[in-house]
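Peer 1: Take a look at the letters that make up each chain.
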Amino acid sequence: MWIELKRIYKMGWQSFSRDGGTVIANIFILVLTICLITSIFLLRGVSQFIISKIEEKVDVSVYLKEEIPEPEILNLKEELSQMTEVKSVKYVSKEEALEEFIKRHKDDPVLMKSLEEIGTNPFLASLNIQAAASAQYETIVAFLTEPDFENLIEKVDYYQRKPVIDRIFSITNSMENVGFLLSIFLILVSFLIVLNTIRLAIYNLREEIEIQRLVGASNWFIRGPFLVQGIIAGFIAAIISLFIFTLSCWILSPKIEFLFSDLNIWKYFTQNIFIVILIQLATGIGLGVISSTIAIKKYLEV
Amino acid sequence: MIIFKNVTKIYSPNPPGGAPIIALEDVSFEIQEKEFISLVGKSGAGKTSLLKLLLAQEKPTRGQVLFDGQDIHKIKPEKLPEFRRRMGAIFQDYKLLPSKTTYENTVYVMEVLGKSDEEILRDVPKVLEIVGLSHRSHNLPAELSAGERQRAAIARALIHRPKVILADEPTGNLDPYNTSEIIRLLLKINEFGTTIVLATHNKEIVNSLGKRVITLEKGRIVRDENRGRFIL
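Protein chains in written order, with our numbering: chain U, 36 to 337; chain L, 531 to 762.
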């Protein structure tokens, strides 16, 4: 068994090192495929980052009645925070709301004058609530409109914002779905390209396979070296792809960060480096082995 | 050792708008151990089909081919490699592995059989010496002459000491000098006790051998003589 494995490995390595042209073509196709799949993974990360940034901008504000004391508001905040549907709750006091207003409109003399004329702080304290998912806003709002809270809450601005919220979430959902389908399609196409390349390479060796069968080689003894070649080619292709991506992410990261603030592709890449290596090795070796197995099957049946 | 029992081989039995190709028709004969048999006949007489049936490359349409009492065509596909290891085969087009050197082509059979590295190191140089190819050990088939390629093929067929060697037109591509060299080698192998089945249409070879000759014509055996001659 051990001696057979050693020989299969030796033969695989021998064919790999002697068959330069075909090997380079196979590695090239594998590199393209691995790069495509790694790009899909990285783009998915980027799109999820963009989607979460958009979703962060969505919230529902609950304005509280003027006379409600702060501890009661904080109680409500606490209660809301414990709901599984709620991702975050931010309390904005009357004073903070006023400060924010002044900060935003300090250059507008008309507004500033109006505020002066009112004489008191006209703003209400509010709770800004973010839900974990778009569908959960309904549940949160239903909870807040229960009779228990009637004395606390002045108004919930959900119904005015609902169409915008729904729209944003439907766009981000479609983005995710289209991305997912596109990824599946591209992975399938690349698999077919690799399969065909390896099939052609093995087709050229059909006579050699026939000779091996005639001298009494078992199917494993014939198939083994092809699998070894597939593994070596996949491994080399994964290393090349890793090098390409490390270099591209390192060079492009500052430029991307300049275009989309907070989006640090180098950081994302290095944080996920083990997943990237795993994806590249699994794609390279997996595709090499699966394609060789499928391509050679036909010649081993007779 | 080898028995053909009423063997018929028809290629494409029901071709649309044509007649079936009958390669062998009701062929029966027996080969004893250590025999040297020449199968003769014109091209298309059925010689290659007969050898293909023996190597289990083809199945007979009717009849049985027995090797040591075992029906070759009832061997399960996963057991076929084991069966083929009991034979050696030589072909007109050599069928050497093009990416392996002479030495590696010979070693391949030993590796298939699971022989140890020591046995390989001991036997392969010896066999290459017998066929006169020691100086070409590390050359690829493409770098060898036709005669050398056929001798490399003989080394490969011989290395594992099979009970029988099937030679399908082994001299078809060779000049007279190399032809006689190959035949001399086959006779030597036969003297060591290996059964040889030689398919050829080379009259001079057959007549010079003075061994058993089976003559095929249109898929039928028309003559089977000990110390036969090439008569067509």
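Where hints are given, some of them may not hold.
Cross-link-like lysine-lysine pairs, in silico, BS3-like; alpha carbons within 25 Å at most [unchecked claim]: (1) L:Lys-693 to U:Lys-332; (2) L:Lys-564 to U:Lys-333; (3) L:Lys-656 to U:Lys-332; (4) U:Lys-41 to L:Lys-589; (5) U:Lys-45 to L:Lys-656; (6) L:Lys-609 to L:Lys-656; (7) L:Lys-604 to U:Lys-41.
Only some residues are given here: those of chain L computed to face chain U with a beta carbon under 10 Å [said to hold, decoys possible]: (8) Phe-559; (9) Lys-564; (10) Phe-566; (11) Arg-616; (12) Gly-618; (13) Phe-621; (14) Leu-627; (15) Pro-628; (16) Leu-643; (17) Asp-653; (18) Pro-655; (19) Val-657; (20) Gly-677.
If you are wondering where the hints come from, they were derived from the structure by calculation, not from laboratory data. Note that CB positions come from ideal geometry on N, CA and C, so glycine has one too.
Peer 1: Quick one: which hint numbers does this structure break? Sort them smallest to largest.
Peer 2: Hints 1, 2, 3, 4, 6, 7, 8, 9, 10, 17, 18, 19, 20 not satisfied by this model.
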